[in-house]
Amino acid sequence: MLKALVVDAKDNVATALNDLNKGDSVAVEIEGTAVDIQLEQPLPFGHKFALKKIKAGQAVIKYGEVIGLATAGIAVGEHVHVHNVEGLRGRGDRQ
Amino acid sequence: MKINGYRRANGKVGIRNHILVFPTVICSAAVAGMISRAVPGTVSVTHSHGCGHLGEERGHMVRTMAGFCASPNVAGVLLVGLGCELITPEVIAAELEKVGQTFEIVSIQDLGGTTATIEKGKLLVEKLLAGADKAVREPADISELTVATNCGGSDTLSGLTANPALGVACDRLVAGGGTVLLSETPELIGAEQVLSGRAASEEVKKRIWQITSEMEAKILSTGVDVRGSYPSPGNIAGGLTTLEEKSLGAIRKGGTTPIREVVKFAQRPGEKGLVIMDG
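Each protein sequence line maps, in turn, to chains A and B. Number 4 in my numbering belongs to position 4 of the first sequence; there are no gaps in the numbering. Number 263 in my numbering belongs to position 168 of the second sequence; there are no gaps in the numbering.
Read the hints as simulated data drawn from the structure, not as lab findings. The hints are all genuine.
Okay, derived cross-link-like pairs now, BS3-like style, lysine-lysine, Cα gap no bigger than 30 Å in a straight line:
1) A:Lys10 with B:Lys300
2) B:Lys215 with B:Lys193
3) B:Lys301 with A:Lys10
Work out the full structure: start from the sequences and follow the hints.
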């Protein structure tokens, strides 16, 4: 059974379709090629992990579109969420 | 493709046959509810508006109430007012007359109080109900159908499964000549590039960016980080990280067809196909 979903070939994150464990090897399809990603941490259902190395300040891409920028370097297989990504829109706190 | 619907006197087609007991102000909501509960087969809705609205907000309220009451899913409506409110039954009735919707009016202060209003309201609703009972379903072309999508609560899978599935249904309705409404402007922020890329004209493209930038400016003017609400704590627990991610999932419920028009909240679309409502 599929353990994670990549929505668009341009994406650098995948969404977990089960609760996944640290060290799990998750098969995903990137641009038609099956790739195994080793998870760096346990990951709850519905959360994202990196398919590629993402440097601090680089775009995080899902649906083929930018969903935010990395606030820290993110390794392949690392949990990608509010602790290391920030949105750029509606940020009244920056005004 | 055909649907079975109720052809109204004004030519519009509904798929429900409701008799609505509608308070035009919060102050008459309890009485409207009592009338509705006394006559099985009718529905009443409550809202917290109808008085104290100024300027565009008044227009917004009148459009919303009149649009709701004029839905072809409503065979007839009893408008219930208090008497001293800003948006009286007569204000909504004038709008319903323009679109040929069947209505009756009661107003509590005119009739001398709650008890008399309930008695008169019951009689009027029974008359409306008798009219609705005569309506029969008949085949109508699916191009006569307008469906509005609604916020379903973003979660882990909404942008991956439920919304794309609803989007397929919307695409099919649009292919059949029907109309789909996509709304909730805060959830278009971060997805404008996708939507405006599908704009049917330069004007529509401009309007898409206009409504989202106005909404974003409102958010920014509060000085608050939108991430306290978009995404919500529940969204974040489910794995959604940013407003942009939430929006990109949300817009999928409208499907993939060109955006034909951008309308104000509760404004009736002039175009068929996929239409964005600023809300």
